[in-house]
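In the numbering used here, the protein residues as written are 185 to 426.
Don't read these hints as lab results, they were simulated from the structure.
Don't take each hint at face value.
[Stated by the list, open to error] Restraint-style ranges between C-beta atoms, simulated for each label pair:
hint	residue 1	residue 2	range
1	Asp400	Lys220	17 to 25 Å
2	Gly290	Asn375	18 to 26 Å
3	Glu249	Asp345	47 to 55 Å
4	Arg425	Thr265	42 to 50 Å
5	Ala260	Ala333	27 to 35 Å
6	Asn375	Arg329	18 to 26 Å
7	Val382	Thr265	38 to 46 Å
[To be verified] Dumping the calculated DSS-like pairs for lysine-lysine here, alpha-carbon to alpha-carbon at most 25 Å:
hint	residue 1	residue 2
8	Lys220	Lys247
9	Lys348	Lys359
10	Lys218	Lys283
11	Lys288	Lys225
12	Lys288	Lys220
13	Lys218	Lys273
14	Lys247	Lys283
15	Lys273	Lys359
16	Lys348	Lys283
17	Lys288	Lys348
18	Lys247	Lys218
Remember, it's a predicted structure, so these values are computed and weren't measured experimentally.
Glycine is no exception: its CB is placed at the ideal position from the N, C-alpha and C atoms.
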Amino acid sequence: MSVAAIAMAALISSCGSKTEAPVPDYGNNYGDLKYKINGVKDLTMERIGEGTMQLSIERTSGKIEDIMMAVRNLPAGATATFTPITIGKPSFNTMLTIKCTRVKAGTYDVIVRGSSQSSGFTDSTMTLTVLPYSNAADGLIGLFREQAACTQGGNVGDTVDVEKDQTTQNRVNFKGLWSGVWSNVIYANLNPADNTLVIPAQSINGVTFSGNGTFDDNTIIISYRVAGATVNDTCTSTLSRL
Numbered sequence: 185m186s187v188a189a190i191a192m193a194a195l196i197s198s199c200g201s202k203t204e205a206p207v208p209d210y211g212n213n214y215g216d217l218k219y220k221i222n223g224v225k226d227l228t229m230e231r232i233g234e235g236t237m238q239l240s241i242e243r244t245s246g247k248i249e250d251i252m253m254a255v256r257n258l259p260a261g262a263t264a265t266f267t268p269i270t271i272g273k274p275s276f277n278t279m280l281t282i283k284c285t286r287v288k289a290g291t292y293d294v295i296v297r298g299s300s301q302s303s304g305f306t307d308s309t310m311t312l313t314v315l316p317y318s319n320a321a322d323g324l325i326g327l328f329r330e331q332a333a334c335t336q337g338g339n340v341g342d343t344v345d346v347e348k349d350q351t352t353q354n355r356v357n358f359k360g361l362w363s364g365v366w367s368n369v370i371y372a373n374l375n376p377a378d379n380t381l382v383i384p385a386q387s388i389n390g391v392t393f394s395g396n397g398t399f400d401d402n403t404i405i406i407s408y409r410v411a412g413a414t415v416n417d418t419c420t421s422t423l424s425r426l
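Can you build the whole structure from these sequences, using the hints too?
In structure tokens form, the structure reads like this:
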């Protein structure tokens with residue numbers, strides 16, 4: 185074959201072939217952010233209690249942008265906090281604390297959620313199990329406003345401090361009941377099976393207190409008697425949590 189023929193064949197072959205366009209390589213910083221929420225676990229606590237978990241927010245691909253952490257479907261009385269940060273650029277670590285304050289006993293499906301502009305929501309699920317109080321007195325600790333009608337003393341409207349007895353299970357101490365004086369301490373025994381209480385006869389500063397009632401986390405209703413040399417008072421009282 186002549187040199188001219190060879191050149192012509194090469195030209196024809198070149199014109200008949202297609203050159204593929206190069207595919208750009210954007211690396212793993214391109215596209216919607218994708219990430220994992222590691223460390224989510226189930227928690228169990230009493231109606232007043234708290235639990236923690238160390239979370240690792242791990243970026244797997246995509247652009248780097250802020251992720252905002254949140255917790256969804258918590259029951260009433262439960263709160264969630266992230267320490268040290270709620271919002272950050274992955275990868276980062278944060279501690280999740282879930283705290284229960286007189287939460288109703290039960291089992292709750294909770295969502296730990298991350299959200300970012302490009303990828304929307306990323307969810308991880310956990311179970312929060314809330315147990316009844318091991319000591320019913322834990323549910324009554326705090327300040328209450330007493331509104332009472334008394335046969336001898338008239339209306340009572342004082343602040344009462346309710347404390348857990350440190351030595352006897354299911355017992356509370358009322359500071360300021362009837363008198364409004366916190367140095368006067370009256371104890372009551374709680375029955376968590378039916379949410380009733382009994383104030384056994386006890387002498388405080390020369391008068392005897394006795395009574396009974398019912399309770400829940402936020403309201404205590406008591407009928408009690410105060411008897412002494414110069415006192416013979418019978419009261420119907422409602423204590424409401426402040």
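So, going through the hints one by one against the coordinates:
no.	hint	in the structure
1	Asp400 to Lys220: 17 to 25 Å	42 Å, violated
2	Gly290 to Asn375: 18 to 26 Å	22 Å, holds
3	Glu249 to Asp345: 47 to 55 Å	50 Å, holds
4	Arg425 to Thr265: 42 to 50 Å	23 Å, violated
5	Ala260 to Ala333: 27 to 35 Å	32 Å, holds
6	Asn375 to Arg329: 18 to 26 Å	24 Å, holds
7	Val382 to Thr265: 38 to 46 Å	39 Å, holds
8	Lys220 to Lys247	14 Å, holds
9	Lys348 to Lys359	11 Å, holds
10	Lys218 to Lys283	29 Å, violated
11	Lys288 to Lys225	21 Å, holds
12	Lys288 to Lys220	31 Å, violated
13	Lys218 to Lys273	12 Å, holds
14	Lys247 to Lys283	34 Å, violated
15	Lys273 to Lys359	51 Å, violated
16	Lys348 to Lys283	20 Å, holds
17	Lys288 to Lys348	20 Å, holds
18	Lys247 to Lys218	8 Å, holds
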